[in-house]
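> Note that the protein sequences, when read in sequence, are chains A and B.
Counted the way our numbering counts, the first sequence spans residues 1 to 215.
Counted the way our numbering counts, the second sequence spans residues 1 to 215.
Hints are supplied without guarantee of correctness; some may be wrong.
[To be verified] Under 7 angstroms between C-beta atoms, here's a sample of chain A residues computed to sit facing chain B: (1) I137; (2) Q141; (3) I190; (4) N192; (5) S213.
Derived from the structure by calculation, the hints contain no laboratory data.
Here the structure is a predicted model, which is why all the values come from computation and not from measurement.
Built from N, CA and C at the ideal position, the CB exists for glycine as well.
There are 2 protein chains.
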Amino acid sequence: MKVLIILGGKMPDDFLKKMYENYKADYVIVADGALAAMDRTGLIFHSLVGDFDTIAPEILEKYEHRSNIYVERHIPEKNQTDSELAVWIAMKKQPKEIAILGATGGRMDHTIGNIHLLYQCMKKNIPCVIYDEWNRITLIQKEAIFQKKTSYGTYISFLPFQEYAEHVTLEGFRYPLSDALLEKGTTLAISNEIEADIAKVTVEKGILICVESRD
Amino acid sequence: MKVLIILGGKMPDDFLKKMYENYKADYVIVADGALAAMDRTGLIFHSLVGDFDTIAPEILEKYEHRSNIYVERHIPEKNQTDSELAVWIAMKKQPKEIAILGATGGRMDHTIGNIHLLYQCMKKNIPCVIYDEWNRITLIQKEAIFQKKTSYGTYISFLPFQEYAEHVTLEGFRYPLSDALLEKGTTLAISNEIEADIAKVTVEKGILICVESRD
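Bound-form chain A, shown alone:
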């Protein structure tokens, strides 16, 4: 099962529609303010979650009591963001993978919090990817393979998610690395490019934030 989560970050409707169609999710979860975009685009979804403080009541009314939509309404004083609650619903489905849209832009607390949520999925061994117009963001443990032809943009960057990412090796990239230490606060592996048809990153200890980006 593939789950798609749609959050309320900044995102043009045409990007949402294109990603929705390409991803072909089996289950779609919408968090709070993102309902406005779903209402505008008419895209089908299966679950709606949040405290509903950022959605117009007249839009909420249209979807809140539909029998084919699972609605989870929370109090505003909850201990999780709407994004985290959406990820919890996704993880309960025990999916093969999760994709998140609307995770970035505007409020940086939400953006950073959403990137941190990838870690919650990683701990449960569920691959999870954040997509926006310019970036594809994942966390990498141990190793990952990239194909040049399916890359998201010109640039690919690796940053340490924790204090250090140790023994990092990059093969098939424009700027290769061999057994390097990535230290949080430094920018050694930002703005690399995939050069070979297949490129490989390995990290022996620690976790990498991987950002593929378009300028």
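With chain A fixed as given, assemble chain B onto it according to the hints.
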């Protein structure tokens, strides 16, 4: 001495001008692509750094050889982003504080890398703040005080910069916390608000990312 760093992230000219005028920096450092905005606005700066791969040659020519601008030109194959090189120049000035503009938006590798740069400043005991139109971002060690009247927006959020932030106490906030554990990957302290005139956060172990934001 107060140092202002201007990076090439997304930023409207009027925000740049307002922040530049309000901050009253003693020394202004411009990184690469940000030169275009400085050229448009006519704001004075003292240092220009980067590999100059994202600036039009005709704009670069106007500033590259001025005797009153310290220019540091690097090869594109360098091991640091232009942002990190700008922070290095700033730190050499042994400033009382550093503010960074143009650090966010668009490419998330640069955005995350720039937030991580705050850590490099923290290690040298130099307070450093990222400002964009919607957010003020800092790192907090031990404790910090916030005045309601000087807050940057409605919301204030705290996220763990490392695996854990331990024994976190929030006083004077809408949602107080007492001796709480913030675990990376969870979103407990996102979307709080300053309630008292003076609010205080303490963290006994670990570092907090603090984001004050406007919606």
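> Take the hints in turn and mark each one as holding or not.
For each hint, the structure was consulted:
no.: 1; hint: I137; verdict: holds, 6 angstroms
no.: 2; hint: Q141; verdict: violated, 13 angstroms
no.: 3; hint: I190; verdict: holds, 5 angstroms
no.: 4; hint: N192; verdict: violated, 9 angstroms
no.: 5; hint: S213; verdict: holds, 5 angstroms
Violated hints, in rising order: 2, 4; the structure is consistent with all others.
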